[in-house]
Amino acid sequence: MFNPTIILGIGTFGGNVVSHLRTLVYEELGVPGLPIFRFVHISSHEDDEIRPIPSNQESNQLWQSLQIIKATIPTKDISTLEYRMDPDNTLHKVDPGWHEWFDKDILRLPAAAYEAGAGNIRMMGRACLWNKWRKIKPQLRNMMLQINQNEAEAQTNDVLRNYYINKGMDKLAQQNTYVNRGEPRVYIIGSLCGGTGSGMLIDLAHFFKSYPQFAPLNFGIFAVPDMATVNKRGNERLAANCLSALIEIDFFMHNGTRYSAQLPGDDAATVCADIPFNYIQLISPSSRGEGVRPSFTVGNSADPNPETILELSHLCSTSMFFELLGGAQGIKAGIHADYNVRYPDWRKRNPVDPGYLKMFAGFGSATAHYPKYRIAGAAAAKIILTKLIDWSGKTITIDPVTKEETINPKNFDQRKLKRIAEVWLTNAYKQSRSILRTGSKGTGSLRNEWEKEYTNLFLPASTPVSWSAEELRRKLTAQPTKDPFSARFGRNSAYAELLTDRLPQFSDSIYHAIKKIFHAALKGILQARSLTDLPDLAQLEFVLSVMINSVIPKWIDRLPADAVDYVTINQVEPILQEFGEVENSLAIKASMTKDYVRDFYREKAILKYRHALAAAHERLEDVLFREVLMTLKDKFQQDLKGSLSQVANKVEKCISRLEEQFKENSTVHEWKNVLYIFKNAKGGIKKDIQESIQLFSDADWIRVFDAFPDASGSIFDRLMDKKEDYMPFINDLSEKVAQKIMVSMDLEGFEIINELITQNYGNDLTRLAESSDVLTETKSDFNDIFHNDHPHLICGGSNSNLNNLKAHLSRSGNEDFSGVPKTDTEMQHMLNFYQELGGIAIDELKAYPTMKAKYDDAFMSDDFTQRILHTHKDPSSVNIEKYHRFEELKKASGPGKPPLMDIAMEFIQDLMFEYHPPGKMVFEWKEPDSAFEESIQFNPDDPDVFLWGLVEYEHGYREFKDKIRRCLLGLNDQEMMERLGKLRNRTKDEHPNNNKRIKDVMDKYNKAFINKEYLPWWKE
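Once you know that position 876 of the sequence shown is 1373 in this note's numbering, the rest is easy, because the numbers rise by one and skip nothing.
Calculated from the structure, these hints are not laboratory results.
Some hints could be false.
What the hints assert, rightly or not - Computed cross-link-like contacts, DSS-like style, restricted to lysine-lysine with a CA-CA straight-line distance of at most 30 angstroms:
| hint | residue 1 | residue 2 |
| --- | --- | --- |
| 1 | K1496 | K1485 |
| 2 | K1276 | K1343 |
| 3 | K1303 | K1349 |
| 4 | K1387 | K1485 |
| 5 | K884 | K1237 |
| 6 | K634 | K664 |
| 7 | K891 | K729 |
| 8 | K1132 | K1051 |
| 9 | K884 | K1147 |
| 10 | K1020 | K1132 |
| 11 | K1130 | K1147 |
| 12 | K1387 | K1504 |
| 13 | K1147 | K1020 |
| 14 | K573 | K907 |
| 15 | K1417 | K1460 |
| 16 | K1501 | K1485 |
| 17 | K1219 | K1020 |
| 18 | K1183 | K1388 |
| 19 | K729 | K1370 |
| 20 | K1370 | K573 |
| 21 | K1423 | K1485 |
| 22 | K891 | K634 |
| 23 | K1160 | K900 |
| 24 | K668 | K1237 |
| 25 | K664 | K1183 |
| 26 | K1020 | K884 |
| 27 | K664 | K907 |
| 28 | K900 | K884 |
In this text, all values refer to a predicted model and were calculated from it rather than measured experimentally.
Please take these sequences and the hints and turn them into a complete structure.
Structure, rendered in C-alpha cells:
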C-alpha cells in the first residue's frame, strides 16, 4: 500500500535529494511521481540552480512536477522587517513572532545576501521562510489536501494498475486500491550544516503536525558532518550550525516540550505539544567501507563541494526510493528506531532509554542501480542532436580511425532549389491575380460584368432582349449616357481608383502566399515529416535567397517591353485610356453585330470580344505587377528571411545544448558505493546508449511531435514564437524521446544480482554490501536499542539470484541474513543493501566533542554572523538539560536500579525532605559561593511539579542525586530490609486486592538493590 506523501527538500542538499528521488520514481513508473505524491523544493536562492530531471513540462499536472518554492527576503522587505524586529515598534500586535524570535542583527548583511541563500545563518533561513510564509502556507496546505482527495486516489490506482499490468504482475493489478489514505506522510530533508534547511525544519514540521485533519507521520532526514569534515579547517561554522540544530531537534523531540510561534499572517500562535518528527535519520559519509570519500561539504560557500553533496543526496534518495516504491515499505517501516521488528507486536513503540533523543536513527544504504533513465536520456540526447544537425543542413561524419565525430555542411543541388523558388513565386502569383479583378463597394468584377451582359445581348432571337449597347455602357459606367464610354478610365476615374486601392492588397497577397508556402515547408521539416524537396533549414534559406536575388529580378526583366515604362499607378493612365478605347470599340461592334449579323456568328463575336478584352487586361496587369515585384524583395529581407534566421539560430542553440546534455548523460558519474552498473564505464555505457538508440524508430518521431499541440503548440509554433525560449522546447522534446526509449527497455535483461556476480564484479559487490554499514559515526558504546542485532533488508532480483547473492556474500564474510524475510522482485534494475540503527544521544556522536568546542567558540564570538547560531534569539529557550535531568530522575535503569525519584519518594522520603509546619515538605541545598539555602516544596500527590522545579538548578539536581547516594549508603542491611517491609505493607494497605502492585514493589527494590550491588548506577 502507498501512503499520500509530501517529500519536502529544504536548501541545496534537500533539493538534490528530492530531485533525484523524483528521477528514480520516473525511472521505475514511467511518470515522475504519483497523484498522491508531491515533490517540493524550498530554496532561499532566488536563482536556484537545481534542474529537475526529468524537467518540469508545461503539460505536467502538479503531481508530475518538482514544485520549487522560493523563500527569500527581497531588498524592499528589509526595512519592514527591521521595524518589526525593533522592540519599540507598534506592529507587534500584527506579527509578534518577529520581535519574539528574531535578533535584529541578522539584517545587517548586504541587501543582496538575502536572495542568495541563508548565508550559513540558521536564523536567516528561518527569516526567509517567515517572510514568504503568507504564500508558502496555503501552498503546503493545498498539497496536503490534494494528495488526500478521492480523485488523487483514483488517479494513483490507474497509474499503478497500468504499471503492474506492464510488468506482468496480474495479481497485483487486480487490487481495488493501492492507497492507504489513513496515514499521510511528510518527509522533510535538508542539511544541518547550512542555514536554510536547519533554519526552516522546526517550523515546517510543526506546521504539518498542528493540523489535526492531516495527522501525518513526519520523517526527518538530515545530513550531518563526519569527523573528517568537522576537523577540517574552515568548517567551524558547519560544525557549530549542526550542533545548534541538533540541540533544537533534541529539545522538541522530548516529552514535556512545547512549540509555540505566531508566524506571519496567522491570527494566533501555532501551539504543538506533539513531537515534530516520528523518526529522524542522520546521514553523513564516513571512513567506513573502501572507496567512500571521507568527508562532504554542504552549505559552505568558501569551500563548496557539489560533487559530494550530490553523492550523499543520491545515497539518501535511493534509500527513500525503496521506502516509497520498493514494495517493502511496510517492512522497512518496522525497523525504525521506535519499533522492534523481532516481535509480533513490532508496530508497538519500543521507547528509547530516557536521556536519549527519542526515535533518533541513523541509516546506511548502498545500491546497485542500472540507471535506465540516464541511459535513455543519453540516447535521447544523441537522437535529438542528430535530428537538429539534420535540420540545420549539416551531417555527422565519423573518422574511421579515431572514431571522432565532426559536423560538416551538406552539399545540395542549387539548380533544383532555383526551380523550387520559381515554382513558389508562380503559384503565389496565380493565387493572387483575382485581387486585381475584384471590384470595390459591391461593383463586382468589371471584366465579369462585361462578359455577363454581352452574353445577354447575344441571346437567341426567341429570347426577348431590351438592352442596347448604349444601355450597356450606361449600366457599366453609371455615367450619363452622353459621356464617352472611355471616360471611366481617365485620371481619378472609378476604375483607376479601384486599381489604386487593390495594388497594395495584390502585393501583400503574393507575399503572404509565398510566406504560407514557406511556413508549410518549414513546418514539415520541424515536424519530421518526409520532405524530399526541402530536407533541412539551410536549403530552405537558399530557396528564399534565390527568390530575393534572382527569381524576382528575372521576372521583372521578362515583362513586356511596352510595359516596362510604367512604374507607378499615376503613370498607368495612358494604358487605361487605351484599354477604354478597346472596350468602347468592342461595344459599338457588338451593337452592330446584334442588328446585322445572323445568330450563328454571335458566339464567335462574343469569343473575339473576350479575347480582345483579356489581352488588354493582361497587358494592364503586367504593368501593375512590375510595381508589386519591386516591393517583394524588401518584404522578404525584412520579415520572412528574418523569421527563418531566427529559427536557424534557435536550432544552433539547441544543438549546442544537446551536445552538453549528451556529455552529461553519457558519463554516468555516481558515488562508487552507491552505484554499480553491470555494463560499466569501460565501454558498456556507450554500448547501452547505442542499443537504446535503436529502440527509437522513425515512426516514434511522428508520435513524439504529435504530442506537442496538446501541450503548448507544435514544435513549429514554439520555435516561431519570438517570446518562446528554446530551453523548454529542448527539455520537453528530450523527455518525450527518453520516455519512449525507457518504456521500450526490456527489464527481463536486468537480472542485476546475477549479472553482478556472474560477470566477476563480486569484489565490488562485497564492498557495496559492507558500505551499507551505518553512516552516522557513533562511539563504540552508543545506546543501541537493537542490542547489535540489526535487521537487514535486501531488495532486487529473483529468489534464485538472491540465493546466489547470499552464498557469495557469505563466502566473503557477510553472513548475517537473519533479518531477510523475503525479496522484492519488482525492482529488477536495483539492488539495495539497507541497515539501520536506533537510539543514540547527541553526545554519542564521534564528532560531538569537536562540534561542541566549535559551537562554544562561535557562541562567544563578537561577530554576529558567528554568534547567532539558533533560530531563537534566546538560546536558553531550547536548553534540553533540564529535560535530560528530569528523565534521569524518572527512568528505571533495569532490575535493582529503580527510578531515583521513586527511591526518594517511597523508600527514604523521611531522609530526603525537611518537614516544615504546617505539613510542608521541602528539599533544601546550599548553592556554591552562597550563604543562603535554596529550597523547593515537595507535594507527594504531584511529584512532577517538584521535579520540574528542581531540574532548573544544576547544583540542586546534583545535590538531590548525591543525597540519595549518601542516604542509601548510610543505611545498614537491617535498616534497608525494614524500610522495604514498611513499603510493602503500605502498598498492601493502599491496594488490598492487587497482588501485582505488591509484586512490582518487590521487583523494583529487589535483592540487588537492598545489597547495594550497583550503587551508584547513575551518572554523578
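Of the numbered hints stated earlier in the document, which are not met by this structure?
3, 6, 7, 14, 18, 21, 22 and 27
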